[in-house]
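**Q** The whole structure should be built from the sequences, with the hints applied where relevant.
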Amino acid sequence: MPFDDIPLDIIQRVFSLCCESVEFIIPQDPERSRSGTTQVTLSLVCSRWRDIVLNTNALWGDVAVIYDASKEREPATASFQFVKSWLDRAGRTPISLYISVFKASRESQIAAISQTFSSSFRITNLKLESSQCHHLLLPTYNSYYLERLHLTLDGLVRRNYIFPRLPDMPFLKELDLNLCPLDFVDLANLYLIPWHQLRVLTFSGSLCHWPFQILLDILQRCESLVECTLCVDALGGQYEHDIVLPNLESLELDMNPEANVDPIIRSLTVPNLRSLNIRNMRWWKKRVLSPEAILMMAQRSGFKRLTNFSLCLIDQPVDVRSLLGYMPALESFQLLGPLMFQPGTFGDLSSGTIGPQLEEVSFGVMSDEEIALMLETVGQRHEKAKTVPDIRPFASVTGHCTSNPQFYKRRTKQCGEAFNARVAIRPDYRSE
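First residue of the sequence shown: 1, per the working numbering; consecutive thereafter.
Check before you lean on any hint, since a few could be wrong.
Stated by the list, open to error - Mimicking DSS-like on lysine-lysine, the simulated pairs with C-alpha atoms at most 25 Å apart in a straight line are:
| id | residue 1 | residue 2 |
| --- | --- | --- |
| 1 | K103 | K71 |
| 2 | K384 | K413 |
| 3 | K84 | K127 |
| 4 | K286 | K304 |
| 5 | K84 | K103 |
| 6 | K384 | K304 |
| 7 | K84 | K71 |
| 8 | K127 | K173 |
| 9 | K71 | K127 |
| 10 | K127 | K103 |
Because the hints were derived from the structure by calculation, they are not lab data.
Fair warning: this is a prediction, and the values are worked out from it, not measured in the lab.
**A** Next comes the structure, spelled out in structure tokens:
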């Protein structure tokens, strides 16, 4: 078929697959920024392609602007005007905009950036990062259609900021905040964010200090949350709340190891949770965490739908049998320990008394005797699954040892081949 006979919508679809996000680095010659883009290249092929490219709004709606104000020798007005003209071609199609600003010392520099997206653009995905700036880069009044907002305020130069009041965002569903509340003298406006309508919430930034009380106060307002990630340096943590998040399906905690995360875990009731990941941003250190807090959360929440569970290295022994007993729908888990296997634990895993749906199993450091029992469990579980339809055989089993893992190489290979599973014994991860 001649190219001219291909339907317009198919050509537009192909072009959209070719055109990725466009990055503008400022200060920089606009012509240099433009020359390397796929959009411009396609428009130079022939007049028909040019018409198609210029009139396909979706090709122009994914833009990143990197602005280093410390290198500015003259106002970047022309550069920002070029970006605005580029976005104008997107028309009323949804726009994804990422703007990163470094060392903006004058309010006029931030104002010039704001004017880039203060017109009638339909911005649905906005990522703003300001680092070492005297003034904050924030969403403008043109935020009505925002669905996703990522806001980073890093290395604030002054220490007298009032947390800004963000514009109305009636359609906001996803929010990622990378900032330190202690950098602000007044946080009243923080609580005006429409927390109640969020479905995805992320607090990111390992160096961002968040008092536990603020975290809990915010979570209490997030009744619509489906996904929540707390990746911050939490402070304090002595009081518990009664917070019910009925729609939460995924919870990830990745805080500093010295912080006691018990209050958050004990405070939450999450009946529909499907994934719980408790990590450690400093993986080689033991996290301060009581397994009893997880058991309390499991008792309150039911954990009838929890399919994925991961627990980092903590400071207290984990009773594997007791913990997994509260997770009947579990399909995969990772327990780094320290591990405690009560008598009968491996027998219950073999018979499916605990973890009948388990397919992927990963343990931390185990003794030689425990490793031997685990390898036997793989075969026993495989045979049990043949006669009991509600029990799944193991597909992947991993353990760690303090001795030479080569000692187990032959046995794990035989076990894996005999029972169609991936079986591995690895060296102690703490010495890797």
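**Q** Is K84 close enough to K127, meaning Cα to Cα at most 25 Å?
**A** holds (16 Å)
**Q** Holds or violated: K286 and K304, Cα atoms, limit 25 Å.
**A** violated (28 Å)
**Q** Assess, step by step, whether the Cα of K84 is no farther than 25 Å from the Cα of K71, and give holds or violated.
**A** holds (21 Å)
**Q** Is K71 close enough to K127, meaning Cα to Cα at most 25 Å?
**A** Holds: K71 and K127 sit about 22 Å apart, inside 25 Å.
**Q** Run the distance test for K127 versus K103: straight-line Cα separation, threshold 25 Å.
**A** holds (17 Å)
**Q** Take a quick look at whether K384 and K304 sit within 25 Å of each other, Cα to Cα.
**A** holds (23 Å)
**Q** Is K84 within 25 Å of K103, Cα to Cα?
**A** holds (22 Å)
**Q** Between K127 and K173, is the straight-line Cα distance small enough, at 25 Å or below?
**A** The given pair, whose Cα atoms are some 14 Å apart, holds under the 25 Å limit.
**Q** Decide if the proposed pair is consistent with the structure: K384 and K413, CA atoms, cutoff 25 Å inclusive.
**A** holds (21 Å)
**Q** Holds or violated: K103 with K71, Cα cutoff 25 Å?
**A** Given that 25 Å is the threshold and the Cα spacing comes to 9 Å, the pair holds.
Hint violations for this structure: number 4 only, all remaining hints satisfied.
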